[in-house]
Amino acid sequence: MKKRTLLVPLCYLIVAMLIGAGAAGAQATPRIQFEKYSLPNGLEVILHEDHSTPIVAVDTWYHVGSGDEQLGRTGFAHLFEHIMFMGSQNVPVGAFDQMLEAAGANNNGSTTEDRTNYYETLPSNALQLALWLDADRMGFLLPTMDLPKVNLQRDVVKNERRQRVDNQPYGRADEIILAALYPKSHPYSWPVIGSMADLSAASLADVQNFFKTYYAPNNATLTIAGDFDPATVKKMVAQYFGTIPRGPQVKRRTTVPAVVIPRDTFLVLEDKVQLPRLFYTWHSVKGFSPDDAALDILAQVLAGDKNSRLYKKLVYELQIAQNVSAFQDGSRLDGKFQIDVTPKPGQQVAGIDRIVQAEIGNLISNGIMPRELQRAQNVYKASFLNRLASVLGKAEVLNSYNYFVGNPDFVQQDAARYERVTAADVQRMAKTYLGRPKIVLTVVPEGKKEMMLTASGGGR
Amino acid sequence: MKLSGPMGTLSILSLLAVQSVADAQGTFDRSKPPELGPPPQVSLPPITTRQLPNGLKLMIVEQHELPLADFVLLVGSGSTADPASKPGIANLVSAMLREGTTTRKSLEIADQIAFLGIRLSPTSSWESSTLSLHTPTAQLDSALALFADVALHPSFPANEFERVRKTQLTELLQLRDQGAAIASIAFPAIIYGSAHPYGAPAQGTEASVKALTTGDLQSYYQANFRPNNATLIVVGDVTPVQVEQKINALFGGWQRAEIPQINYSEPPKSGTTTIYLIDKPGAAQSSFRIGAVGVPRSTQDYFALTVMNTILGGSFSSRLNQNLRETRGYTYGAGSRFDMRRSAGPFLASAEIVTAKSDSALLEFMKELNGIRQLVPPAELSRAKRYLQLQLPGNFETTQQIAAALVPVALYGLPLDYYNNYVQSIEGVTQADVARVAQQYINPGSLAVVIVGDRKTIEAGLKATNIGPIAIRDISGQPIQ
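These protein sequences, in sequence, are chains A and B. Following the working numbering, the numbering of the first sequence begins with 1 at its first residue and continues without gaps. Following the working numbering, the numbering of the second sequence begins with 1 at its first residue and continues without gaps.
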């Protein structure tokens, strides 16, 4: 069943495609061939031909995400994404999905802090339908937009929040962490889903303003990947999108307020859970910045597989944790590094913390073995190959590089980032970033605040 | 809209159209949807089959777009092969495969998986267990050696089992946190009863998991993991000759044996529609599972049911989703499915519903479950059929998708040309067929309505719907004394 999803940060894009394949060795990651051009109204178009299966993926990225929201209207970019499926000037409400299904298409969208995407995968003959639908809502959403439609998707999004957050064990951890890590004016200080109160406050006027500000061809990239004839597609794109008027110049944020965490900060959240869970978060770096890949490797070394430092010690040897995970979350403007641990029943969080800090300390002091580095690099190398298996996957890769580094032709440079990471880099990452003061949230069963971690060995 | 044309339209290959791409300068009318050309000819890849002398079947599909390959060892036994008194064995056997072989230890196996950059993972289901390998062809031989070792020589080390058992016990504990997970276990327990294999908890219970020994796992493995009970599905940058040679070398010595038969008792007759309420205090949503015993995969009505279910709850524009999500905003998504197995698996309709609307949602569910029994309008029928037919090539794009598509072919002995005939089989489903199967297999008067939610808030409203009496159950679906 399809959903309009929140997709979380860039690192999850990489991790989600990480299904393990590709190996150590001289095999170079294949480039994705493409053509890129712009229409006079500013729409960027990226085309990638692949005739192996008679299907096409149409994947539009709007350069707006939850990071562009205002306080008091958190969750709006994602709500707006839902609203984009509610019909437009020439598409009655409900017809969008019906027409696509009748043509054998699947479609969805997703919102992150940094961008919003809308995609269809269809048999090749139906490409024109997707272009017509997507152009209609890019250019002509407002004439049929009304408050009842906004109200309906408001309710749907509130249900999405309930399903992913409020009714989900540990679901509210994320928003607590973000609010503590980032200052109030920082665009990443609230979750993509937003708050119930802010969702309630969203108005039809907000929808109209948001559309006019962000949903314009000059703020979008349309990527088409699959079985098509380029000459025909270019004509279609010009026809459907060319006459959509350019919108105002979009002023994107390029800087964020400084993140200052003077000392370890200990938080607690009660939830309907059987077991507590520890969340450690450090401020790190944005995606594609010099340390980003090394931090990804660090996360793999710490918790990526059974032999990883934390998993092996906590889950395998001592058996005091049920699970452990680590990830580097580098987004467009900023980033964070996180380690999550669930203690086994009866285990104290203080004991878990001692081990976590000892392992980090050991890594900082003594570094890592070549095998650990190799494993992590091989896992990443595999993921680069796996992402090429589907036309939608390739469209997303092209859009992602285009957006975050300004150049769709970045597969090999991206793969090289990981190949270049050394053991010394990984050690240095741990020292630089995990030695910093951190936010520590303990989610505890209701009535068990005393279970929270109140002091940690590693911090200042 | 031309595509949802009248029922008289012939096969999809003769759908009309003239693809017209007007000049950007010319008379371009955005107000009409474009007329589409005919859908592309679908040519699904050929399947090469082989069988080793020991009975292991091979199904091989070549796909040379990327230097990758997927191997899925599909063993025809799952949790229904657990002894009735020992639920949870199949699940733990699966979990233990990577924990040690006669020549490799747990950490060594994990190291090799990561180092090779492969995925090697087991799963366990009602009637099958799989071990899947996804590997670049550059690592093929190393990956296959590891794959075969894990599949054929698991050693079930006692110390690893103690850890895995504790992990499983903790997972069972944590299931209590999740309304949807509780509903998914309680629902089959209620409609099948605990005597039926489909009513047993596949993950086991605290008591059963505590009592298991590595001997139990060994017995299950020896009884069920046999070449004559398995198919190896291979999709990717390989050739049949190469595959047969390598698999023969690695799996040729696997010994066949008679597989224990599973007797499926008659499921209990459904009583009149009853609301089974499982309390989850303070839940923000109620987890709904509404249904009854359905049909086996071998049903003659497979295609009619597939089309009917697509309309009812099998697509975004299905009735359940459009009603409960896109009209009333009670949920993030609602759907239905027939889970067809060797014996009759369940039919169920489900959604996570905002707590305050639990009673209203129940009424809407029942409205749709009743409404589907009437003739569906031709346009709606046509749209469902086209959705199923036309997305077929898209489901055969990646090696993983192709392998997944072959699993039911292997498991249920479907003909090798099943997918080549799929479009036509769907085309043959009529309005009358859809109504007939809806009436035959969905009986609103004898459904189990399982709801996991905040009893204090929702019970009175649910009672007031008069859909049925309320029975309070615990998280396993058992009556509360």
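Rather than coming from a laboratory, the hints here were simulated on the basis of the structure. Don't take every hint at face value.
[Said to hold, decoys possible] Pairs of lysine-lysine residues, derived as DSSO-like cross-links and limited to a Cα-Cα distance of at most 30 Å, are as follows:
1) A:Lys312 to B:Lys246
2) A:Lys212 to A:Lys234
3) B:Lys456 to A:Lys312
4) B:Lys32 to A:Lys449
5) B:Lys105 to B:Lys246
6) A:Lys312 to B:Lys105
7) B:Lys32 to A:Lys235
8) B:Lys246 to A:Lys344
[To be verified] With the Cβ distance kept under 7 Å, some of the chain B side facing chain A (calculated, not the full set):
9) Leu36
10) Glu108
11) Val164
12) Ala284
None of these values were measured; they are calculated from a predicted model. Where a beta carbon is used, it is the ideal one built from N, C-alpha and C, also for glycine.
Verification of the supplied hints:
As the CA atoms of Lys312 of chain A and Lys246 of chain B are separated by approximately 34 Å, the hinted pair breaks the 30 Å bound. Restraint check for Lys212 of chain A and Lys234 of chain A: the C-alpha separation of about 26 Å stays at or below 30 Å, so the hint holds. For the proposed pair Lys456 of chain B and Lys312 of chain A, the alpha carbon gap of about 44 Å is over 30 Å, so the pair is violated. As the CA atoms of Lys32 of chain B and Lys449 of chain A are separated by approximately 61 Å, the hinted pair breaks the 30 Å bound.
Between Lys105 of chain B and Lys246 of chain B the CA atoms are separated by roughly 24 Å; this keeps the pair inside 30 Å, and the hint holds. With a CA separation close to 14 Å, the supplied pair Lys312 of chain A and Lys105 of chain B stays within the 30 Å bound. Of the pairs offered as hints, the one joining Lys32 of chain B and Lys235 of chain A holds, with about 18 Å between alpha carbons and a cut-off of 30 Å not exceeded. This hinted pair does not check out: Lys246 of chain B and Lys344 of chain A have alpha carbons roughly 43 Å apart, beyond 30 Å.
Checking Leu36 of chain B against chain A: minimum C-beta separation of about 5 Å stays under 7 Å; hint holds. For Glu108 of chain B, the interface hint is violated, since its Cβ never comes within 7 Å of a Cβ in chain A; the closest pair sits about 9 Å apart. The interface hint given for Val164 of chain B is broken, as the beta carbon of that residue sits about 10 Å from the closest beta carbon of chain A, more than 7 Å. Look at Ala284 of chain B: its Cβ gets to within about 4 Å of chain A, closer than 7 Å, so that hint holds up.
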